[in-house]
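The hints should help you fit chain D onto chain A, whose structure is shown.
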Amino acid sequence: MLGQYLPLLALGALAAVFAAGSFLASGLLAPRRPTRPKLEPYECGIVPARDTPERFPVRFFLVAMIFIVFDIEIILFYPYAVARGGLGLFGLVAVMIFTFAVFESFVYLVGAGALEWGPPRRASARPGAVSAERTSASTVRRVGLEGRRYGAPEDESARMAPSAGGPAPGEAA
Amino acid sequence: MILAADPLLSGPVGLPEVLIVLLKVGAAFAFLLVSVMLMIWFERKLLGGMHQRMGPTIAGPWGVLQTLADGIKLFFKEDLIPDRSDRLVFKLAPYLSLVPAFLVFVIVPLGGDFAGGSGVVRWWGRDTYLQVADPPVGVLLFLAMSSVAVYGVMLAGWSSGSKYPLLGSVRASAQMVSYEAALGLAVAAVVLMAGSLSTHDMVLAQAGPGYFGIIPSWNIVLTGFVPFVVFAVAGTAELNRPPFDLVEAEQELVGGFHTEYSSIRFALFYLAEFMNTITMSAVIVTLFLGGPSGPVLIGAIDWAWGVIWFSVKLFAFLFGFVWMRATLPRFRYDQLMDLGWKLLIPLSLGWFLFLAALETGRDRGWNLAVVTVVTVAGFVLAGFLLAGALASARRGGDRFGPGGGGDDGDDGDDGDDGEPRDRVLEEAG
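Residue numbers (this note's numbering), protein chains in the order written: chain A, 21 to 193; chain D, 20 to 448.
There's no promise every hint is true.
As the list claims (entries may be wrong) - Here are the computed lysine-lysine pairs in the DSSO-like style, where the Cα-Cα straight-line distance is at most 30 Å: (1) A:LYS58 <-> D:LYS96; (2) A:LYS58 <-> D:LYS92; (3) A:LYS58 <-> D:LYS110.
Unchecked claim - Computed footprint of chain A on chain D; a stretch qualifies when at least three of its residues, placed anywhere within it, have a C-beta under 8 Å from a C-beta of chain A: (4) 43-51; (5) 146-158; (6) 283-293; (7) 353-364; (8) 379-387.
To be clear, the hints were calculated from the coordinates, so they are not data collected in a lab. By construction, the Cβ of each residue, glycine as well, lies at the ideal position given by its N, Cα and C atoms.
In isolation and in its complexed conformation, chain D is listed as follows:
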């Protein structure tokens, strides 16, 4: 097993190493804050364009400084802690939301020449990667931090002592927890292809020459597109962004879990939310789109091309997130849970096994067509099982609540009224 690590910190750590680390950390911190500022402006401007309005125009050229102005304004706003709140937890929750949002970013490789070299850059006589840290647990850190972020949301809503935040946070926790399973399974498929948890190794594994000269050997191709789609959908749900923004459904829940937060405490939640959007896009790019890998076109600074390719890919996803917000209506809660539990999780579970079987078959020289046929048969069987279970659930009512369970007298018409679910299942099977 390869336990990859940043060569900078593999040896003895002296003053130069610490200085380089501090430089990287400072750069990442500044990059995140500035990019959040630009992202909020970009989102507002683009939404404005899609709604045929102007968006922000006053502060700075094209309104670029609007976010900064809003942030400064929030410092001067009264900071209220409601009487009913649990004061300690109320104050703790923004930290639990913000710190993980920063920490996830460390595993994202930002640049480096992966096509020619191994992504190592040499600064002041020290070899290092163009990413803040490359811990051996790699992508598990991303999953761990997104789990911690659930605590921030949950505790913020719970400690407010108010009903809308509480409802919002319970919804948010259930939603984030549900989609985390699908997210984890999609990541497992990538880990299977790379054979390592380190994000640097994953990018390195994707930096191959590709097929037929045009199809890159990125994980989006190698894992057969399905884990990418699952990850993108689950990631959007994990971020609570439209069309999965039930957590902040204004019409029902006012502001969701941060209704009672005002002033700078609210600003930190907002900051964390947009930071998570940027980081999630960066993680998608890293896991599925080869991260900074790309051809060095002109010039001699090969690591800079990595940064350029990474930025282009990142920007495409950020644009996509805003586009989805402008286009898609919000899901209903039961649709959200059905999509997560009854389609994405079984699908990504089956796909992981399919990939594992294919890889094992490739190692042992099996006929891969047979493996595929057997897998398809397994998918159909599992789909039928699940369809049967769904039909039984609809017939039998709810055995987990009072008043359900017993009455299955008039279920003659049940076969027809659940069409959306049936359609969903056919795609799974």
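Here chain A stands alone, though its shape is the one from the complex:
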């Protein structure tokens, strides 16, 4: 039975060899003149002033976790779909019960706002200024708040990348 996977192996190897060969050819043909600005992270032509963020909105992880639930459901659907004829009414009822359990938790998640991605609807109604920090509720980083009473994380100057050639723009002030 494993012989059926022989073409897969062959094509996979061929594709990998093709990619490796391309890299090899490029290595032989392409010039190598690395300079400092070329090796910096891309920043539309200006000197990068801020490090890559290390944190992400929790929502992305939440989506991955909810996906696992549905993935498990799908994994259990496939054997049912293949063997439906033999399972009859029992199989149908079992799948229905299982789907109900998943759907019910899905409804709870939707109700709890786990899948709300839109901008905050009443942002203006909140008291005071908004923190410049990113939260799980908002991925919008509000600039222009540095140095004011709200927002502006303290370690901001420390995180400004000194790796650039000259002084970072923030340090001039």
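Same frame as chain A, but now just chain D:
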């Protein structure tokens, strides 16, 4: 349960079998590369036409060789690996993107006579299918490979050590993962109708005489059109093609996950992207439009007609993808996630159960009208539940983040400001 398999490799595998396999693999490899070349040219030319410009005209007749020229040029470009990057993963990511793009193609039946025979062709005294491989897991291979491709995108963005690729790859992973659920559920409906995971069996099951002489017995008809639409939409999102190309939204993210990639590494990502477009179209054709099945019109070479029908159907989808790119504006991110999670997934889930109930009812001699009525009632109930949950989410704010949750003082006007979502839900229910 039928575990279909390519008859070529079912018996003992000797030298002739290996040679045939190598021939097939080489042909598929060449076909993919050439078709990607033509597809990129076709897309640029067609977009040019839709924008009232010329498109590529210089390299070769009608600019056909433009892609080749671009590819050769990229070999001579400097290949940069940024200082901040994780070098090993940075180099690994293009492989993880390219190899799955090639591998998905093996399950696509490309030709063969499905109307008269069972799609078997005879080459040099060996029976085989006109597809590279027909593993028993069949369509699961397609889902598995599209999952692996997420790793390529994710690791490319993560290892670049730069902010735009990182943002792009996180977006891409969330998007691909979200739509993969809808994709999987739509495929499950097809598996339910075919009773097998093998793509060859699926095409065979669709090759029936049809109804009233004109309506073919393809899965697009048998599964009631909804899984086809879900699959087409989710497939477009899975490919990150417009209108779901937030991953490469130039205005916000420069080039998305491959911003830091240059030279041939970028070319391989580009290659994989277009290869995936072609393969996804081929998979849609296989799952829902009967693959290579079609009438043998004239001539005696019956398997060649399969190839012709397959190409015609494939081309229609490729044209559609380009057309969508020229026509539709990009989705907003929350609209994208709402469409995937709150419409496509519940809809395809409900539709799968509906189809399962119909099939079981047909086996056991139930009144199918009653089954339909009960299903509609179930859909309405589920729709109301979901609508209630959505209203509650809008009222209660975000319980998963700080600052939300507590404030539900002034929600008097909430019923009116979420019209797009309400409309979406009515369609679901």
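inquiry  = Hint by hint, where does the structure go against what was stated? Just the numbers, ascending.
reply    = none
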